[in-house]
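Residue numbers (the working numbering), protein chains in the order written: chain W, 1 to 435; chain L, 1 to 400.
No lab work stands behind these hints: they were computed from the structure.
Since this is a predicted model, take the numbers as computed values, not measurements.
Backbone N, C-alpha and C fix where the C-beta goes; we use that ideal spot for every residue, glycine too.
Among these hints, one or two may not hold up.
[As the list claims (entries may be wrong)] Pulled from the structure, derived: some chain W residues nowhere near chain L, Cβ distances all over 10 Å:
| # | residue |
| --- | --- |
| 1 | P57 |
| 2 | I80 |
| 3 | K101 |
| 4 | Y105 |
| 5 | K124 |
| 6 | L170 |
| 7 | K185 |
| 8 | K198 |
| 9 | E275 |
| 10 | C360 |
| 11 | K427 |
| 12 | T432 |
[Stated by the list, open to error] Simulated restraints, written as ranges between beta carbons of each label pair:
| # | chain 1 | residue 1 | chain 2 | residue 2 | range |
| --- | --- | --- | --- | --- | --- |
| 13 | W | R398 | L | I95 | 47 to 57 Å |
| 14 | L | T93 | W | L35 | 17 to 27 Å |
| 15 | W | L385 | L | G275 | 53 to 63 Å |
| 16 | W | E350 | L | E170 | 48 to 58 Å |
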Amino acid sequence: MFLKVHGVKLHGKKRLSIKSPIENALNPSCVYFPLEDGLIKYKKILEVGTRVLMGQPILYREDRYAHPVCSSVSGTVSDIKKMLDCNGKIVEMLEITNDGKDEPYYSTSINTELTRDEIINKVKNAGVVGLGGAGFPTYVKYLPKQKANLIIINAAECEPYITCDFVSILENAKKLIRGLKYIMKANGAKKGCIAVKKAKVEAVALLNEELKDEPNISIYLLKDKYPVGWEKHVVERVTKKTYAQLPREIGVVVNNVQTAIAVCEAVEENKPLIEKVITISGEGIKQPKNLRIKIGTKFSALLEKCGGYIENLDEAYVIAGGPLSGKSMPNDDFVISSSINNVVVLLKSETVITLNCIGCGKCADICPVKLTPTLIKKAYEKNKLSTLEALNTTKCVRCGLCSYICPSRVDVSETVGLAKDLLLVAKEVKKTEKK
Amino acid sequence: MKKYLISKTPFIRSVDSGSMSTTRMMYDQLVVFVSFIMFGFVINGLIPYINGEIRSFYYLIKPFINVFIGAFFSLLFEAIYILLFKKIKGIKTLIKEIHYSFGFLIGLIISLLLPVRIPLYVIIVGCFIGNILFKMVFGGLGKNKFNPALMGYVICYLIFYKTINAATNEQVLILSNTLNITATSAPISAMRELMKSVGSLNITYSSLVRQFGSLFNLFIGFKGGNLGEVSGILCVLAYIYLVVRKSINWRVPIFYVGTVFIISWAVAVVNKIDGPLYGVWFPTFNIFSGSILFGAVFLATDFITSPKTPNGKILYAILLGIVTSLIRLVLGIDGVCLAILVVSLLSPVIDLFATRIRGPIITSKVIINYVLISLLFLILSAYIVYQSTDLSFLNEIKFI
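Looking at chain L on its own, in the form it has when it is part of the complex (with noise of 0.2 Å):
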């Protein structure tokens, strides 16, 4: 023999039989996006245009449009980085590097998460944003601290918070033509609508989910919103794909989807709200609404950002479902994204506790961490009084 090889322990490794690996993890992602796309295409595109409520082909293909571009500018902007500020020799390691980052993922979470109507450049913006400012300027795959999808889509959402919900409502518009039903706005809209003007004691089933036909619509999909929270039952189907594949943690989602649904039948129950076993369609609704189902399944499972630990993650799924519920409840917005910004914020203290130690916490990274979930907490509470003012007298101010 030639060369006797030498290697750190255990020489036997699960990626090498080919079993499951980073790689192959990632493009289970991508697989089950495509069906999301096709699924997204169906609703937004293919039968509004064949009931004649789109006239034009560019908007028929729209939402690929917005995914292609997604993918598309995250591996630009991706690869310009590396070209950049990473010495790379030729175009070999380029495309290796490149594809070992997984950077079309973000694009397409975004692109998924924006309405479908939406300006191409709001998208672009978005993977600038998520791409380089929060993943490539913090190393790069698996050293960023914020998830870089959702960071692109609430930052993007703040800056362009009107022309994403005229999009969001166009897009319902035109989805209630089609399907023959009064919704004007997406669900959580509607409900947040109904809590302002009717109290959100009075809230009865006919006032909430008759505009959107029935719960069974709201299950399958056919519902206003964005493009990839679409529906209830692709979503359990990815879930159920990718837990099998071991491609994301079964845990998460579970107890996630769950918290938020005992959570809001406890309101539910406290409020008296009518219906069949103490109006349980309440919940129902707060799951199918909004992006519930998409955010347990692809954006809380995110590896980078939720603890390490099986016990934290258990933990971290809870304390997420009690944040989204407040946000959803009180304020009447969909706190899924933000929901999942602020906790896994705390996901390095929920894993030091979850690993049962009694040795010291590190007080520096608990007050770092505090900091940041305050400021956090700051860009919430502008972002909700921005909302909910009128800031038309901003324009009569004038300079003298």
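Next up, chain W with everything else stripped away, as it sits in the complex (with noise of 0.2 Å):
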């Protein structure tokens, strides 16, 4: 089956991290863990002026995803502040202050013969969620009771500046293999694949040379294009297949390279999700890094690992995220959350004033899933929901491009977001309705 990539060759700009190993940051004096995230609210467990160890529960979602978040350090509980998260809301967080003395809370137990219940209840009771963004709890892709055919672990990282997960891998490919088998054995899955772009032939190698002896483990090499680690796009690649909503309607589970190490770690250690690697880059820092940091650091306390900003910056784009869908922040003192794999500091380069949009169609050839921006930004501006709903605009996977093409620098993909989340919110309304 021909399947077309669409997406563009970008500069990459991993050079300029790519090098370093990973170092740790894992001693903060604070560390914040929000009480709400957009709609999910969070529960306490434990009150303000209690003691804490590493890895404790202290805050319980409740939902039908429920799941607990742990302390990533040892401590005392010490107040609930108002502080901004990576979304560039301020939202109150309880704050940790670190007696640095890293207690665990948990005891480690090598237990290589689990059964799959015993998998699933050890992933969820450590919190571990998907580490490449979204921030869905792992646990749940694996409760299906139907068994997955194939397990694929998404290294594509195909946004510019980002390498903490090349890195993982360069670090961890054995605990990477490790968590692979668990998360197959899990889904009862007897096919594991690693999808890796291309370029990055260190990887390839190292992961060539560890897989010698598993032949039920393949690696599939992407294309060096941006969205090309869109989980949609990943397992259209590998399984020549399509679906609706979920990888699990055709038998796959998708999981991003850092959560397959937290899942090893998780069962076999039983450590919670406390730590994550993530990029600090761009052109604004003066020495770019991968670090290993303590879930809930707030950037400002990792710039000194980093250098600082370059000298004689006077104005700069810190993003939480990366340059194509992440956010820029209003101040550096934002907290980093699980779902946050890199910091990006640009420098200003707005060389060109924006134009009207003269309809040139480049949005529509660039879309990965084959929308029209530029029909869509007019039915939005003219607020024609029928409209909007003709031309699929909940199909957008945001992923900037649009934007980035865009010969008359109009913010495209803004407002085919705003369009998005329009029709997702008067959907919702119509169902409360017929309620």
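Using the hints, build the complex out of the two chains.
Listed below in structure tokens is the structure:
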């Protein structure tokens, strides 16, 4: 079957941080955990003033995707503060003051012969969520009773500047493969696949070496394009099949590299999700680096590790997330949650002024889900819901390519995103009205 | 750091790296037009001047004067409009505003669509219609509903019909004398006259093409007509250049010219026109005569009035080819401009159709489009009647 790759080759700029090995930055003075994240509400388990150990559950998500959130340091729950989260919103957060002792709450017990339910339970209790960006609880993906055929580890990392997954593969290839095996066991799948970009030669060579004796696990080479790491795209490439909403429909489970490593640690060491590797990069950073951090650290506390901003920097974008889908922050005191893979500091680069849309259709050409962003923008400006629905606006994956390609520098993707939100809200309203 | 910038995602744009921007796309067209103007100057000015067909220096540099007047008055009209209707502070913003409106292209296209020996006031009127009435009034760059250059040209054609025809014939005569060929009118008019006199079924290579020398002459551009519809080979080179620079969409010209070629070849085969390969000369003649290539590369690809979806663009081009061939083969006039005007009105509908929607199509929009289309067809038919009937009886009516 012929599948056309929609997307563009971007200037990766990964060289800035690709050579630097993971450095530890595991000793922040305070860590913060949000009590709400968008629509998700968390319930406090511990009150202010109590002592907490590293890995002890402090918050609990109570809806149908229930899972605990564990403290990443040991110390005391000192306050509830209003802090900036990585979506640019100010929310209430639980502050934990670090005592620097890192006393673990969990005990390591190596037991390799586990049943499916035991693995799922361990993953759930460790609070492992998808580390690729969505933050979806990982164990929920494994819950369906129907067996999966294929587990895909998504190691595409297609946004520029990000190198944390690549570095994690280099340092933890064995853990990754063991994690993949646990995931395969939890889902009853017989085959595993690691999807890596072709350009990452070192990672591919290392994985090939490690996978010599694993006939069930293969490597799939992805093209060096954006947005090649988008879940649906990876599944379509690897299996040559497509699905409507969740990959589970065609018996596929997709996990991120760091998620697989976290699963491995949760199963083998009972270690909850308390650390992750992030990339701090960009032209505005003195020494771009890959850092292993405690979840909940403030970005400003990590700046020192990277040498701070470059000298004579008057104005810059501090972006939580990749340069194509991230958000610019009003200051650098924001808290890094589990859904952030990188922070990029970019210099101001606007050389072209914004003109009117001339309707060239380049955004329609480049859109990976075959939308027509310029028409959606027009319909949104005129507030026509029926047209928006007719244009399949809800399919948008917010990759940002339409704005990237626009020769008039129009903020297309922003408007399309707003249109999508509008439609989703309208649908919800309709549903509640019917009830 | 003093200032944290806030902006909308994404933070890297292809325009900022200087690879492609609207400004560059517009100036690419200007670069191509310069080569066209040079060619028009050689064919319509320099060669006849050397051969002694043109005596005056004025007519030698007339091609340059035409395009200069076109571009200058376009900019002037836009500047006046901006000064009158927009609140502008300072000369710098005014210049910026004019620069990023790219008005000169409209004037350039109008002057390229008109014959060389046209009186200058025709070009000025065309610029006024195009730039003011069909661009600035609609809201400037990117907001217009019709292609302003085309509107300017077509309305000029309707108003100054006789002047333009006389200028074309004059030019063809000069060219025929220079090149020692027998043609007395532009290729499309020649085809119309042949269709009138011997019937469309009896057109032969010798009766149609011989008067222009050969097909090769047409391909290179030794033919009468307007300043821009010069050279097939230049249009092809321009197409390649613009597509490589991604300044136009590659689909529209290919499918447009392809459709015209196939339809006219089918006509040739059905009518049993003589010649090698079932009369393949006939579609070739069709493509190299008139302004099909010029229209395909510069007018049909106009971003604002053509569909935005890739599939829609193909559909649009095919429809364009069909309408053009119809106007051409049935009515015998160079239907490119009219066809583009008519079909571009359909582009919102084509777009909705091409997004493969299941949802509702907005009926009011469709109705408005169809009303506009039928109006245009009315104008078209009036134009054809005006052209093909003798209206001298009007002079004999006496008003008491």
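The hints, checked one at a time:
1. P57: Label holds. Min Cβ-Cβ 34 Å, cutoff 10 Å.
2. I80: Non-interface label on W/I80 holds, nearest chain L Cβ at 25 Å vs cutoff 10 Å.
3. K101: Nearest chain L Cβ is 34 Å from W/K101, so the label holds.
4. Y105: holds, 37 Å
5. K124: Given a closest Cβ separation of 33 Å, the condition holds.
6. L170: Given a closest Cβ separation of 26 Å, the condition holds.
7. K185: holds, 39 Å
8. K198: Non-interface label stands for W/K198: nearest chain L Cβ at 22 Å, farther than 10 Å.
9. E275: Its Cβ never comes within 10 Å of chain L, the nearest being 27 Å, so this holds.
10. C360: violated, 4 Å
11. K427: holds, 14 Å
12. T432: holds, 22 Å
13. W/R398 / L/I95: 47 to 57 Å: violated, 38 Å
14. L/T93 / W/L35: 17 to 27 Å: Since L/T93 and W/L35 have Cβ atoms about 49 Å apart, the given range 17 to 27 Å is violated.
15. W/L385 / L/G275: 53 to 63 Å: holds, 58 Å
16. W/E350 / L/E170: 48 to 58 Å: holds, 52 Å
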